[in-house]
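Given only the sequences and the hints, what does the whole structure look like? Please build it.
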Amino acid sequence: MDAAALPALADLRARAHVVSLPLVTRFRGVDHREALLLDGPEGWTEFSPFLEYDDAEAATWLSAALDFGWRPQPTPVRAAVPVNATVPAVAAADVPTVLARFDGCRTAKVKVAEIGQTLADDVARVRTVRATMGPEGRIR
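The sequence shown maps to residues 8 to 147 in this note's numbering.
I should point out that these hints are in silico values taken from the structure, not numbers from a laboratory.
Taking CB as the label site, the calculated pair distances span: (1) L13 / A131: 45 to 55 Å; (2) A66 / A127: 37 to 47 Å; (3) A87 / F34: 20 to 30 Å; (4) L13 / Q124: 37 to 47 Å.
Think of the CB as a built atom: it goes at the ideal place given N, C-alpha and C, for glycine as much as any other residue.
Given below as structure tokens:
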């Protein structure tokens, strides 16, 4: 979004809602996810970068949030978009419970290389995802 089209700071502040949501499973060392929700004239939008990303990368995400909330969007071509399940760095025994929350998802993004876990933990988690989703499920 170019600078000339940016909403005024007072407008942003009036439309801003900050939330802190508890996570079901700890992720990247956090157990709450904070987000800035904006009630833009074109619809709700959200900005919630992780703290470890630098300002330049976070600015790109903020620009996208403003673009979505303040500019007209194309007419939707479908009513729903399939999404993937995210399997956090949990014990392999907990994977079926995590995947049960994503009824109908055919793709799972599996988190690996968590601090304090081993390669064996990661392999067991991925194997359990495969066993739970079956051969047709996709793993990322």
